[in-house]
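Q: These are the residues of each chain, in order.
Number of protein chains: 4
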Amino acid sequence: MSLLTAPATQELLERFNQIRQRTETICAPLEPEDTVVQPIVDVSPPKWHMAHTSWFFETLILQPYLPSYKIFHPQFAYLFNSYYNSLGSRVLRHQRSTITRPPLREVLAYRQHVNEHMNRLLQELPEEKVAELLPIFELGLQHEQQHQELLITDIKYILGTNPTLPAYLPRPAQQRQSAATPAQFMEVPGGKYKIGYQGSGFCFDNELGVHEVYLEDFETMNRLVTNGEYLAFMQDGGYTDFRHWLDEGFAMVKEQQLQAPLYWVQQDGEWHRFTLHGLEKVDLNEPVCHISFYEADAFANWSGKRLLTEFEWEAATQVYPPQKGNFVESEQLEPLAANPQAEGVQQLFGDLWEWTYSAYHPYPGFSKAPGPVGEYNGKFMINQMVLRGGSCATPSNHIRTTYRNFFHPDKRWQYTGIRLAAKK
Amino acid sequence: MSLLTAPATQELLERFNQIRQRTETICAPLEPEDTVVQPIVDVSPPKWHMAHTSWFFETLILQPYLPSYKIFHPQFAYLFNSYYNSLGSRVLRHQRSTITRPPLREVLAYRQHVNEHMNRLLQELPEEKVAELLPIFELGLQHEQQHQELLITDIKYILGTNPTLPAYLPRPAQQRQSAATPAQFMEVPGGKYKIGYQGSGFCFDNELGVHEVYLEDFETMNRLVTNGEYLAFMQDGGYTDFRHWLDEGFAMVKEQQLQAPLYWVQQDGEWHRFTLHGLEKVDLNEPVCHISFYEADAFANWSGKRLLTEFEWEAATQVYPPQKGNFVESEQLEPLAANPQAEGVQQLFGDLWEWTYSAYHPYPGFSKAPGPVGEYNGKFMINQMVLRGGSCATPSNHIRTTYRNFFHPDKRWQYTGIRLAAKK
Amino acid sequence: MSLLTAPATQELLERFNQIRQRTETICAPLEPEDTVVQPIVDVSPPKWHMAHTSWFFETLILQPYLPSYKIFHPQFAYLFNSYYNSLGSRVLRHQRSTITRPPLREVLAYRQHVNEHMNRLLQELPEEKVAELLPIFELGLQHEQQHQELLITDIKYILGTNPTLPAYLPRPAQQRQSAATPAQFMEVPGGKYKIGYQGSGFCFDNELGVHEVYLEDFETMNRLVTNGEYLAFMQDGGYTDFRHWLDEGFAMVKEQQLQAPLYWVQQDGEWHRFTLHGLEKVDLNEPVCHISFYEADAFANWSGKRLLTEFEWEAATQVYPPQKGNFVESEQLEPLAANPQAEGVQQLFGDLWEWTYSAYHPYPGFSKAPGPVGEYNGKFMINQMVLRGGSCATPSNHIRTTYRNFFHPDKRWQYTGIRLAAKK
Amino acid sequence: MSLLTAPATQELLERFNQIRQRTETICAPLEPEDTVVQPIVDVSPPKWHMAHTSWFFETLILQPYLPSYKIFHPQFAYLFNSYYNSLGSRVLRHQRSTITRPPLREVLAYRQHVNEHMNRLLQELPEEKVAELLPIFELGLQHEQQHQELLITDIKYILGTNPTLPAYLPRPAQQRQSAATPAQFMEVPGGKYKIGYQGSGFCFDNELGVHEVYLEDFETMNRLVTNGEYLAFMQDGGYTDFRHWLDEGFAMVKEQQLQAPLYWVQQDGEWHRFTLHGLEKVDLNEPVCHISFYEADAFANWSGKRLLTEFEWEAATQVYPPQKGNFVESEQLEPLAANPQAEGVQQLFGDLWEWTYSAYHPYPGFSKAPGPVGEYNGKFMINQMVLRGGSCATPSNHIRTTYRNFFHPDKRWQYTGIRLAAKK
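Chains S, W, Y and E supply the protein sequences, listed in that same order. The C-terminal position of the first sequence is numbered 424 in UniProt numbering, with every residue numbered one higher than the one before it. The C-terminal position of the second sequence is numbered 424 in UniProt numbering, with every residue numbered one higher than the one before it. The C-terminal position of the third sequence is numbered 424 in UniProt numbering, with every residue numbered one higher than the one before it. The C-terminal position of the fourth sequence is numbered 424 in UniProt numbering, with every residue numbered one higher than the one before it.
It is possible that some hints are incorrect.
[As the list claims (entries may be wrong)] Per label pair, the in silico range of CB-to-CB distance:
#: 1; chain 1: W; residue 1: Ser86; chain 2: S; residue 2: Thr25; range: 44 to 50 Å
#: 2; chain 1: Y; residue 1: Pro370; chain 2: W; residue 2: Pro29; range: 51 to 57 Å
#: 3; chain 1: S; residue 1: Glu280; chain 2: W; residue 2: Ser86; range: 34 to 40 Å
#: 4; chain 1: S; residue 1: Ser89; chain 2: W; residue 2: Gly190; range: 56 to 62 Å
#: 5; chain 1: S; residue 1: Arg15; chain 2: E; residue 2: Pro321; range: 28 to 34 Å
[Said to hold, decoys possible] Mimicking SDA-like on lysine to any residue, the simulated pairs with C-alpha atoms at most 25 Å apart in a straight line are:
#: 6; chain 1: S; residue 1: Lys305; chain 2: E; residue 2: Gln235
#: 7; chain 1: S; residue 1: Lys423; chain 2: E; residue 2: Phe366
#: 8; chain 1: S; residue 1: Lys70; chain 2: W; residue 2: Thr164
#: 9; chain 1: E; residue 1: Lys194; chain 2: S; residue 2: Glu219
#: 10; chain 1: E; residue 1: Lys305; chain 2: S; residue 2: Tyr84
#: 11; chain 1: Y; residue 1: Lys194; chain 2: W; residue 2: Met252
#: 12; chain 1: E; residue 1: Lys254; chain 2: W; residue 2: Ile40
#: 13; chain 1: E; residue 1: Lys254; chain 2: S; residue 2: Asn85
#: 14; chain 1: S; residue 1: Lys70; chain 2: S; residue 2: Pro372
#: 15; chain 1: E; residue 1: Lys254; chain 2: E; residue 2: Gln75
#: 16; chain 1: E; residue 1: Lys423; chain 2: S; residue 2: Phe380
#: 17; chain 1: E; residue 1: Lys368; chain 2: S; residue 2: Ser367
#: 18; chain 1: S; residue 1: Lys254; chain 2: E; residue 2: Lys423
#: 19; chain 1: W; residue 1: Lys194; chain 2: Y; residue 2: Gly196
#: 20; chain 1: S; residue 1: Lys368; chain 2: E; residue 2: Gln75
#: 21; chain 1: W; residue 1: Lys194; chain 2: Y; residue 2: Ala422
#: 22; chain 1: Y; residue 1: Lys281; chain 2: E; residue 2: Gln75
#: 23; chain 1: W; residue 1: Lys254; chain 2: Y; residue 2: Gly196
#: 24; chain 1: W; residue 1: Lys305; chain 2: Y; residue 2: Lys423
#: 25; chain 1: S; residue 1: Lys70; chain 2: W; residue 2: His94
#: 26; chain 1: Y; residue 1: Lys305; chain 2: W; residue 2: Phe204
#: 27; chain 1: E; residue 1: Lys368; chain 2: S; residue 2: Glu116
#: 28; chain 1: E; residue 1: Lys423; chain 2: S; residue 2: Gly209
#: 29; chain 1: E; residue 1: Lys368; chain 2: S; residue 2: Glu219
#: 30; chain 1: W; residue 1: Lys254; chain 2: Y; residue 2: Gly190
#: 31; chain 1: W; residue 1: Lys423; chain 2: Y; residue 2: Cys27
#: 32; chain 1: Y; residue 1: Lys281; chain 2: E; residue 2: Arg101
#: 33; chain 1: W; residue 1: Lys192; chain 2: Y; residue 2: Gly190
#: 34; chain 1: S; residue 1: Lys254; chain 2: S; residue 2: Met234
Treat the hints as calculated values from the structure; they're not laboratory data. Every residue, glycine too, gets a C-beta built ideally from N, C-alpha and C.
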């Protein structure tokens with residue numbers, strides 16, 4: 001993670017409190033019962049997210065930097081460590097839902113305890129010490145923002161697993177437009193492109209190892225693939241014709257009897273989808289969402305196109321700088337239809353994470369940090385695919401054109417979508 | 001289920017309200033978060049128990065007998081049916097924990113709604129109609145009592161799965177005695193014994209098909225096997241010597257690496273056990289508890305004895321009528337040491353369900369009732385073993401000497417214990 | 001296992017050689033490739049059966065009794081021990097099919113080696129020593145006969161798993177009759193019956209613990225249930241109506257999508273079944289075969305009857321002594337239709353093992369022998385159901401009215417069938 | 001797959017017969033019993049390999065091109081199709097070992113039948129038709145060579161699973177040298193490199209989509225990592241220190257309790273390994289073999305180095321053209337120690353396939369052929385890692401510097417090894 005120039009303490013405090021508060025705002029509409037379950041192993045209980053992000057600050061900042069600090073509860077390190085082997089043993093991931101205690105209200109007290117001491121620490125710490133602490137402090141905030149996005153996707157899964165399909169929040173009053181935007185393929189010239197984060201702000205270690213790649217000419221779609229386009233694939237027998245699919249993808253389709261994106265249900269002969277605002281009719285102009293890499297790739301094959309690589313995606317943003325996207329601040333919490341009036345390449349930022357045909361591997365000069373921070377990214381660099389651009393659940397100040405998200409190719413519960421490249 | 005003479009309506013109402021209230025009392029000490037989880041498939045979420053027992057009254061009594069009745073929620077039948085194929089499709093057992101909605105408070109409202117309408121029904125129904133309704137009404141109460149016992153065992157498992165091992169309630173103030181009672185083997189003469197329920201009160205259909213069995217002379221232990229005796233088995237390598245074990249039992253021991261009863265943990269070199277009152281040191285005079293049939297049988301083999309059959313157990317109660325036992329009303333919620341002063345055969349009732357070496361099969365004249373009630377017992381008559389006598393979690397007015405409880409031989413989360421018979 | 005009066009050495013030798021030869025005769029029609037596979041865990045490779053039965057004689061007789069004996073191969077004990085913990089570690093059951101070496105021809109050489117030394121031993125051993133050795137010698141022969149039956153059922157499964165459905169042997173020239181025999185229910189009077197082996201010949205330890213049981217009057221079907229009767233059950237939706245089934249049985253039906261007995265396939269709209277003589281049209285008069293206990297019980301429920309208990313079955317043979325049955329010597333290797341001319345109760349012996357509604361549990365006075373022989377039967381006395389009467393794959397001199405066979409209730413690859421009792 | 005200039009028919013025939021004969025030579029030392037088993041799902045029965053490669057010629061050449069051709073057996077297409085959905089249904093991969101028929105000798109007859117008809121076809125076909133047929137004919141030969149390598153690795157696994165650890169063949173008489181070659185890191189200058197097959201001979205479709213990549217300067221090890229170097233990693237606790245491992249790799253290590261490469265066993269305190277010549281002491285100078293990608297990567301991390309990417313590997317061969325390698329023709333069937341006298345970069349060809357840190361993905365311009373040949377490579381382009389350079393089990397005329405082999409990162413039964421790049 002890159003170095004940062006030291007902002008004033010007051011600014012740090014404000015950002016800290018704002019981001020921490022945001023986590024609680026996300027969980028406010030939930031029942032305590034919603035915060036403890038784990039319907040699939042990928043989903044963590046919201047209560048766990050809230051405690052885990054606090055444990056991060058407690059363990060990596062309060063304990064080493066605030067001498068008087070007393071840990072809130074001796075067993076919370078065991079309960080709320082996620083995957084840091086360096087930081088001791090822990091509840092195994094698939095058992096997170098068996099932990100009913102501490103209850104939500106005690107987790108909230110834990111958050112407040114950590115917040116108060118973080119505020120005290122930042123106010124009391126000499127400025128030169130603040131500078132030393134800054135990288136891990138910044139990582140803690142970025143980490144909390146990542147969990148905010150996971151909270152939203154996990155809440156969606158938890159509510160969507162309930163047969164009653166309860167809404168999380170109503171659609172925001174100010175309604176979005178939905179209109180058709182014709183697909184176009186926009187030129188990106190070949191040549192050498194510089195890949196990776198070169199700025200002076202924060203970035204993750206997996207964006208470093210800045211290096212050049214040589215690309216051939218290619219074309220990128222001007223927007224995300226829509227529900228209407230995807231429905232045409234479905235209606236053309238897309239889920240039953242093996243020729244479009246990677247072999248492991250088709251095996252998954254058969255085993256799980258997939259016929260449509262996650263959250264799609266047919267009612268009275270019409271496709272609906274569960275959204276965080278309840279069940280809605282599928283809007284043909286909106287981007288297709290909650291599909292696996294396998295489905296994205298099969299759709300691309302069916303349409304005679306292909307997915308971009310992560311390098312092509314990053315190069316495209318150098319040619320077509322991303323516009324303001326539909327991020328979590330819009331409170332839509334679902335992707336929106338593209339804008340027919342807009343020019344250039346839309347939706348590179350926000351709406352949906354875009355599957356690329358690039359494995360999540362280290363950049364040439366990548367190296368892991370020593371200590372627990374070294375476990376943040378590097379050890380996951382196998383069997384996962386890179387996604388780019390952020391989604392409607394991502395905080396807008398959390399994204400970069402160099403940001404590399406990653407999931408296994410079978411995962412569907414994230415806000416994932418498709419952008420095509422024209423085959424040459 | 002046998003016929004009943006009609007008690008006065010007022011009496012019925014009182015029993016109904018008392019038993020229904022008792023379920024809520026059991027759940028009162030829980031956090032909402034405790035009521036939604038299912039750490040193993042055998043355990044149901046307490047919230048589910050509370051709703052399921054209400055669904056039973058709603059579906060089998062209110063809907064058919066109260067014409068004006070409107071069901072509380074159209075999806076609750078799907079959510080809270082347990083295993084009645086006759087009553088439609090349902091949430092699969094192992095998915096009960098993914099249902100966070102309705103939350104606890106709505107389930108409590110559901111209970112109140114059902115209670116109010118049950119009260120109205122009983123008050124308004126003509127007396128001859130009450131008689132017609134009586135068998136299913138009585139079954140509903142017995143059913144709720146069975147779930148009360150399951151609630152206690154499931155709550156114990158849920159709390160015991162939390163690494164913080166929270167207590168459910170403190171030990172009741174009035175303390176129990178613990179002293180050693182020497183083991184004795186008491187004669188039961190051979191001959192023909194009549195098996196099954198012959199009274200005029202309520203019984204389950206699996207107690208009917210009254211029939212005679214011929215038994216040889218045998219001897220029964222005068223009390224339950226103690227923790228001290230079981231510890232001797234453990235210390236003698238009981239869990240590692242295949243010769244004591246049924247083959248499938250030893251396979252389970254190796255696969256799950258069993259070394260002690262469920263809930264036993266070693267701390268600072270001493271055995272403790274998780275109880276509903278928190279972690280306690282193992283008391284050597286108390287009955288050993290939470291063991292599988294396999295462990296009970298292995299212990300019996302190790303000690304040169306054997307388990308009783310269910311017929312021997314029932315015959316023993318004809319020779320040594322059970323004394324007042326340690327049932328749920330004592331609020332101990334754990335088995336107590338036998339009484340050194342008592343004569344005859346102790347602990348036949350209460351403390352712990354006693355594993356017998358009898359498969360849970362139909363009695364000779366057994367027949368299933370038509371309709372959903374026919375699914376109550378008969379379809380489970382395979383691969384399970386009979387347990388007798390009730391436990392510290394059983395309501396005292398719920399037990400009979402002819403009562404047949406049944407679990408698979410590997411189950412350990414119930415209040416199960418061991419009584420030996422002398423080998424001939 | 002009971003004591004035996006000593007037969008002359010020459011007689012012993014002849015029986016030994018005859019039984020041993022029979023095993024090789026059974027395997028003669030196989031390809032070497034057939035002898036190494038294990039399509040399901042229940043089935044053992046024929047090569048393994050041949051070696052295992054030899055290992056039994058080598059380990060329990062030659063090693064202790066023939067001082068000069070040198071074991072054939074130091075690793076065979078590891079390779080060919082079945083389940084005797086007392087006799088050291090072994091290849092796990094489910095890995096038997098990964099053992100390609102020794103090849104068949106070396107196993108045959110092993111058999112010959114053991115046979116030669118057994119012959120030498122019996123000829124050289126002083127008569128008083130022969131008497132000492134007799135029980136384990138007899139057990140070895142009975143054991144080999146049990147494996148001969150398993151060989152036939154396992155060969156059937158192995159060949160039937162090949163998509164080419166190769167025949168094992170042609171139907172014997174002399175053809176069987178097939179005609180309808182009307183079902184009758186024959187009276188067996190209630191009262192006390194003596195159960196268990198009381199003779200002076202060989203029996204297994206699980207037949208001992210002779211004891212009395214008291215039975216009510218009942219009626220037994222005069223023959224086995226036919227394919228025609230079972231087909232009526234199938235055509236009446238037997239496999240889809242949960243009301244006939246034990247809960248675990250119906251779960252198996254749904255999971256495995258069962259629709260007919262094992263080996264039944266529909267071709268051109270007609271039911272055929274794979275037999276050891278190849279694919280044949282289902283004969284409606286022949287007994288239905290290769291059904292699980294669950295199917296037997298569901299059929300009984302559907303027909304308003306029930307299965308016998310093992311005690312009722314044994315009592316029935318005291319009232320209706322079994323006639324000469326269709327055993328392995330007939331070389332039919334499939335069950336035959338009952339005889340319309342015959343009186344009384346037919347097919348008690350031979351044709352098919354009959355599922356009883358009795359768990360395989362110890363008789364009252366049962367005790368395990370010390371040493372490895374104690375592992376023969378006792379440790380399997382859980383979760384299995386008793387079958388009685390032998391089958392078309394059983395040697396005729398291997399059966400007794402007190403013989404208790406046992407399998408888990410879901411097993412279908414044995415020659416299993418149904419006899420009904422009339423419900424009272 | 002690329003076009004070929006037409007060789008004379010006689011030459012084609014000779015190559016065909018030679019390659020086909022080679023498959024039978026590989027299987028000659030086996031027992032029939034060895035040819036039918038499948039100890040893990042990755043391994044196919046040798047009998048299946050022999051039939052499958054014949055089915056390929058029968059289905060894709062004889063049936064379409066030889067009008068008079070009669071298929072050998074109507075069910076062989078079902079039995080011996082591997083994964084071609086376009087060519088109908090088939091035995092599922094994990095059930096290949098349940099197919100005992102046809103036995104080996106009938107498979108050999110099938111091979112001969114196909115060979116005779118292929119010879120007739122080539123002799124009779126007009127020259128212009130031969131040209132049309134050439135691509136699929138060439139693919140059939142290459143396909144058979146790939147299965148020859150799989151045969152050797154599968155035979156090794158099958159024999160190595162036998163507790164008796166039988167040798168396949170003795171070590172060839174002419175003994176290999178073993179001496180230490182110091183590790184050196186050799187410069188490869190950065191810049192643009194052309195990747196993919198540009199020749200006029202045969203190549204697979206996955207080598208096409210020739211394109212340029214831009215590489216930074218790097219250094220490659222001059223030989224493969226040795227057993228001695230790997231042993232140092234093991235002795236330094238390599239298998240227990242999570243810091244060296246990818247998370248999924250460390251999970252595999254813990255679950256399978258890995259402590260050493262596949263086939264390593266400790267005897268009398270010394271490491272031995274099972275080879276195709278039987279159990280041998282580990283030679284510290286020989287390359288470490290049979291390790292997964294996870295182990296290769298962990299070793300690289302431990303040594304402060306990294307693996308090459310597939311592009312770096314191919315670039316290295318442009319700088320250091322590979323020397324004659326230890327291929328299958330040496331009959332060593334195991335990797336050999338590097339040559340201390342040799343200069344430059346050794347072992348790029350032969351000895352062991354080298355894991356690269358590159359996912360097996362399509363090259364930029366990759367496109368699948370229409371029809372069944374399109375299923376050859378493309379549908380596997382997910383979750384697998386590229387290996388380069390061929391092994392001691394590869395035919396020497398089957399390898400190219402552009403050849404891309406691929407396996408899942410957990411696989412260990414192939415001849416896989418490690419080459420390091422110096423970290424920058």
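Q: If a hint holds in the structure, say so; if it doesn't, say that too.
A: Evaluation of the provided hints:
1. Distance hint check for W/Ser86 and S/Thr25: the Cβ-Cβ separation is about 47 Å, which falls inside the suggested range of 44 to 50 Å.
2. In this structure the hint that Y/Pro370 and W/Pro29 lie 51 to 57 Å apart at CB holds, the actual value being about 52 Å.
3. Under the hint 34 to 40 Å, the C-beta atoms of S/Glu280 and W/Ser86, about 36 Å apart, fit the expected range.
4. At roughly 57 Å, the beta-carbon separation of S/Ser89 and W/Gly190 lies within the given 56 to 62 Å, and the hint holds.
5. In this structure the supplied range 28 to 34 Å is violated for S/Arg15 paired with E/Pro321, their Cβ-Cβ distance being about 57 Å.
6. This hinted pair does not check out: S/Lys305 and E/Gln235 have alpha carbons roughly 51 Å apart, beyond 25 Å.
7. Only pairs whose Cα atoms come within 25 Å are accepted, and S/Lys423 paired with E/Phe366 is accepted, the gap being roughly 9 Å.
8. With a CA separation close to 18 Å, the supplied pair S/Lys70 and W/Thr164 stays within the 25 Å bound.
9. Restraint check: the Cα-Cα separation between E/Lys194 and S/Glu219 comes to about 22 Å, which is no more than 25 Å; the hinted pair holds.
10. Between E/Lys305 and S/Tyr84 the CA atoms are separated by roughly 23 Å; this keeps the pair inside 25 Å, and the hint holds.
11. About 36 Å separates the Cα atoms of Y/Lys194 and W/Met252, which puts this hinted pair outside 25 Å; it is violated.
12. Distance hint between E/Lys254 and W/Ile40 is fulfilled; the C-alpha atoms sit about 24 Å from each other, no more than 25 Å.
13. Distance restraint check for E/Lys254 and S/Asn85: the Cα-Cα separation of roughly 13 Å lies within the 25 Å cut-off, and the hinted pair is therefore satisfied.
14. Restraint check for S/Lys70 and S/Pro372: the C-alpha separation of about 21 Å stays at or below 25 Å, so the hint holds.
15. Distance restraint check for E/Lys254 and E/Gln75: the Cα-Cα separation of roughly 43 Å exceeds the 25 Å cut-off, and the hinted pair is therefore not satisfied.
16. Under the criterion of a C-alpha separation no larger than 25 Å, the hint pairing E/Lys423 with S/Phe380 is consistent with the structure, at around 19 Å.
17. Restraint check for E/Lys368 and S/Ser367: the C-alpha separation of about 36 Å exceeds 25 Å, so the hint is violated.
18. This hinted pair does not check out: S/Lys254 and E/Lys423 have alpha carbons roughly 43 Å apart, beyond 25 Å.
19. Under the criterion of a C-alpha separation no larger than 25 Å, the hint pairing W/Lys194 with Y/Gly196 is consistent with the structure, at around 23 Å.
20. Note on S/Lys368 and E/Gln75: the hinted pairing is violated, with a Cα-Cα distance of about 55 Å set against a maximum of 25 Å.
21. Taken as a hint, the W/Lys194 and Y/Ala422 pair is honoured in the structure, with Cα atoms around 22 Å apart against an allowance of 25 Å.
22. Between Y/Lys281 and E/Gln75 the CA atoms are separated by roughly 21 Å; this keeps the pair inside 25 Å, and the hint holds.
23. Taken as a hint, the W/Lys254 and Y/Gly196 pair is broken in the structure, with Cα atoms around 34 Å apart against an allowance of 25 Å.
24. Distance restraint check for W/Lys305 and Y/Lys423: the Cα-Cα separation of roughly 37 Å exceeds the 25 Å cut-off, and the hinted pair is therefore not satisfied.
25. A C-alpha spacing of about 40 Å is found between S/Lys70 and W/His94, which places the hinted pair above 25 Å, so the restraint is violated.
26. Restraint check: the Cα-Cα separation between Y/Lys305 and W/Phe204 comes to about 22 Å, which is no more than 25 Å; the hinted pair holds.
27. The hinted pair formed by E/Lys368 and S/Glu116 fails the criterion: a straight-line CA distance of about 60 Å is larger than 25 Å.
28. Between E/Lys423 and S/Gly209, the direct Cα distance comes to roughly 12 Å. Compliance with the 25 Å bound is thereby established for this hinted pair.
29. Distance hint between E/Lys368 and S/Glu219 is fulfilled; the C-alpha atoms sit about 20 Å from each other, no more than 25 Å.
30. Our distance criterion of 25 Å between C-alpha atoms is broken by W/Lys254 and Y/Gly190, whose separation comes to about 45 Å.
31. A threshold of 25 Å between alpha carbons decides the hint, and for W/Lys423 with Y/Cys27 the separation of about 44 Å lies outside it, so the pair is violated.
32. Under the criterion of a C-alpha separation no larger than 25 Å, the hint pairing Y/Lys281 with E/Arg101 is consistent with the structure, at around 23 Å.
33. Distance restraint check for W/Lys192 and Y/Gly190: the Cα-Cα separation of roughly 14 Å lies within the 25 Å cut-off, and the hinted pair is therefore satisfied.
34. For the suggested pair S/Lys254 and S/Met234, the alpha carbons sit about 15 Å apart, so the restraint of at most 25 Å is met.
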